[in-house]
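Trainee: Listed below are the residues making up each chain.
Number of protein chains: 2
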Amino acid sequence: MVPHLVTALTGPINELEQRILDGMPAIERWFRLEWMEHTPPFYTAVDVRNAGFKLAPVDANFFPGGWNYLTTEMLPLAVQAAQAAIEKICPEARNLLVIPENRGRNTSYMANVAQLVRIFQMAGLNVRVGSIDPAVKSPKKVDLPDGSTVCLEPVVRTKRRLGLKNFDPCTILLNTDLAAGTPGILEDLHEQYLLPPLHAGWSVRRKSNHLHSYEEVSKRFGKLLGIDPWLIQSIYARAEGVDLARGKGVEGLTAAVDQVLTKVRRKYKEYGINEKPFVIVKSENGASSLPISTIRDVKELEALTKKPRQKAMAGATTDDAGPTDVIVQEGVLTRERVHDGMAEPVVYMMDRYVVGGFYRVHPDRGADESLALPGASFVPLAFSQSGHLPQPGAKPGASAPNRFYMYGVIGRLAMVAASYELEATNPEAEVYE
Amino acid sequence: MVPHLVTALTGPINELEQRILDGMPAIERWFRLEWMEHTPPFYTAVDVRNAGFKLAPVDANFFPGGWNYLTTEMLPLAVQAAQAAIEKICPEARNLLVIPENRGRNTSYMANVAQLVRIFQMAGLNVRVGSIDPAVKSPKKVDLPDGSTVCLEPVVRTKRRLGLKNFDPCTILLNTDLAAGTPGILEDLHEQYLLPPLHAGWSVRRKSNHLHSYEEVSKRFGKLLGIDPWLIQSIYARAEGVDLARGKGVEGLTAAVDQVLTKVRRKYKEYGINEKPFVIVKSENGASSLPISTIRDVKELEALTKKPRQKAMAGATTDDAGPTDVIVQEGVLTRERVHDGMAEPVVYMMDRYVVGGFYRVHPDRGADESLALPGASFVPLAFSQSGHLPQPGAKPGASAPNRFYMYGVIGRLAMVAASYELEATNPEAEVYE
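Residue numbers (full-length UniProt numbering), protein chains in the order written: chain Y, 1 to 433; chain E, 1 to 433.
Chain Y on its own, in the form it takes in the complex (with noise of 0.2 Å):
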């Protein structure tokens, strides 16, 4: 079904599998319960790192593009947690209003918009796309590869509503990570259901917030499968006002890479890992022009201050960054490989399911490096046909459907620290009417 999956299949990580497989039925259930007492995000993606003896999530996005690269097998799964979704939300709804990033034509990009409203529309909403584009101004139809279009319309803001002309929507589904800052458009929009919120939003996100959620759920997790929750979890500390530029805040940061991977090498020697620790560096939050740097040792710092600053991502935005607080975080190779590049499962969820996901491939990267770069691939997993479900019986590590459901169960994990994080960061959160 996906036959270049299985050389990303192999490899021993068994124990962790088992331990997984065996309290299926108990996770499944801490699951529900967490779902009583919290709200999931809309949708989130999980990128999961898996080292073998060891499995991460690395990062989670509230904004997911690349539903596109799913396959179509998971259409009806996608459908079926929206509606779920709607339902809780907003039973009466009509109207989605979906607003993408300001990419304009990039048919990838758009190929993922479509693919978002075709499950909504399925779901049984009126779906439309609203521009926040300035240079969007008339509806603009984009033609895809596949031969559908989409149309981009300018929104119109009211004092109290966003829409469009004739189409007021009573919900707004954002997929735009709103890096650069919220934009006043969406501010104050009391009527309508905002989704996410405005405070999941990349320019007041800060990653420590999300690690420190993850890090809590990760403990309780440990304790209810009897593991060390260090096997699911990265070690990480906070650096703040580091401008690598003109040489400020390099001694915390140090400091903290020292510290982080004094840690993991103490957690290899206790598992006999014959691995070289590295530490991840990225800022706190996803607006910041720092790259994502692998560094393997305290003096590849010093090679780090000599780089001329540069933009990060094609996403990044901030031209002038000036200090800014660092996260360094214990780096998680993967040991996974599909057509020979480094490969790194992307889990995507609706609501509390999974419903999808797929490898995200890097052919001139190492194991040790971010695949989150121009030259990434897409391959998709099949998770719908019956990849997040597991095969009681099945020798663990042999069958594929194992795997999977372990991937599920971390990036649900991440999604439970996803929603202690948006519940903590709330702004409105005392606010009782």
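If you're looking for bench data, these hints aren't it; they were derived computationally from the structure. Mixed in with the good hints, there may be bad ones.
Put simply, identical chains are the same to the list, so a pair is met inside one copy or across any two.
Within a straight-line C-alpha distance of at most 35 Å, the following computed DSBU-like cross-link-like pairs (lysine-lysine) qualify [stated by the list, open to error]: (1) 299 to 269; (2) 263 to 223; (3) 159 to 140; (4) 219 to 88; (5) 223 to 88; (6) 165 to 223; (7) 165 to 140; (8) 223 to 267; (9) 248 to 263; (10) 165 to 88; (11) 137 to 159; (12) 299 to 248.
With chain Y fixed as given, assemble chain E onto it according to the hints.
Mentor: Below, chain E without anything else, positioned relative to chain Y:
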């Protein structure tokens, strides 16, 4: 994907199909609002007949077997729907006891039980199978053709709870329609969730209650779509105290048959349908020995009264029927054929979601006869692939998915009627605590 279904999808139901496709967002919203007010049955299978000019449900089963006839692709959808159902009913659930029919080692039926066990295990429950058959005195393994096994264990009843040795379930799922009457061992279980409730059993249910509810539902749905509700519904009448063997109640039955045939003839004339109307005569409950008969003319009733009393189906268990109340229901032709046999789609639902379906095919029956008889075979419909999802823009009639969506709508209408029926007949409805 299901190539032999091509022939089942020709024919001129295009206008109704187009209405249903055009109305999709309104239809889905209508269902959402219904489920705010009403609780769907836990699981439901609905037999649908497609006459080309009309499309109607002919039976709604609250204890569906046949889960093994659905494709493996539907499994994730069923699991996701089961998760949603469990979450709603009892998120704390750990243990689920499935009570199957007393069919001994019938492997076809037991394969259905095995599939149900699989679905609920994957949804995160500890699932075991408890037999209420007094002949089952110790655990019995039943080997299935696919190499798996089901273990049937004798139930253990305490004063207030039902379980197995060392297994105390919080929820009990019935997969037996209780046509022979409600066994005492299932009564007074006030501490556990018993699903579906006992009054959904065939010894208690009356078909007229369902038909009455469906009439109401189809009127409201017809208004929503601006269509004659007759296009999605069967005309029916009721005759009381019929005992054909003893010649009792024949007059009332004749009047009912005449009345329905006359009404149907009028409708056929109105729509210019050049077919011979017919009715289906069946008993009010599922426990009667009255055979399901097709009557094309009042005169045929005579022949029926002369037939020796016989059991309709293997499932009928009442030995001396005595007078029974009878339903005379407009027959709906089936215009669908699979493998040269007459076929009717059966839509499977879990909670409020369509999760799959199959064609029931009978090689020896006519377009105006019941197919639910020994000799029927089952051809899976891959609803789950993209089957119950309409492809917007596809020419009506030309694409399989469009018709399957329509079947899912009709199936869900019958499910809404079922929820009305179960509410109206709930013996505990007026007990407030």
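Trainee: Now, for every hint given, state plainly whether the structure supports it.
Mentor: Hints and how they fare:
1. Taking identical chains as interchangeable, the C-alpha atoms of residue 299 and residue 269 lie at most 35 Å apart only when both belong to the same chain, with a minimum of 22 Å there against 90 Å between chains.
2. Proximity of residue 263 and residue 223 under a CA criterion of 35 Å is satisfied intra-copy only: 21 Å inside one chain copy versus 68 Å between copies.
3. Taking the closest pair of Cα atoms, residue 159 and residue 140 come within 35 Å of each other only inside a single copy of the chain (25 Å); across copies the shortest separation is 70 Å, beyond that limit.
4. In the homo-oligomer, the alpha carbons of residue 219 and residue 88 lie at most 35 Å apart both inside one protomer (29 Å) and across protomers (27 Å), since each shortest distance falls under that limit.
5. For a Cα distance limit of 35 Å, the shortest separation of residue 223 from residue 88 qualifies both inside one copy, at 31 Å, and across copies, at 26 Å.
6. Taking identical chains as interchangeable, the C-alpha atoms of residue 165 and residue 223 lie at most 35 Å apart only when they sit on different chains, with a minimum of 29 Å there against 53 Å within one chain.
7. In this assembly of identical chains, residue 165 and residue 140 lie within 35 Å of each other by CA distance solely inside one copy; the values are 14 Å within and 67 Å between copies.
8. For the identical chains of this complex, residue 223 and residue 267 are intra-copy neighbours only, at 18 Å inside a copy versus 67 Å across copies, given an alpha-carbon limit of 35 Å.
9. Taking CA atoms no more than 35 Å apart as the test, residue 248 paired with residue 263 passes inside one copy only; the shortest distance there is 25 Å, against 89 Å between copies.
10. Taking the shortest Cα distances, residue 165 and residue 88 sit within 35 Å of each other inside one copy (28 Å), while across copies they are farther apart (39 Å).
11. Taking identical chains as interchangeable, the C-alpha atoms of residue 137 and residue 159 lie at most 35 Å apart only when both belong to the same chain, with a minimum of 19 Å there against 73 Å between chains.
12. Taking the closest pair of Cα atoms, residue 299 and residue 248 come within 35 Å of each other only inside a single copy of the chain (16 Å); across copies the shortest separation is 100 Å, beyond that limit.
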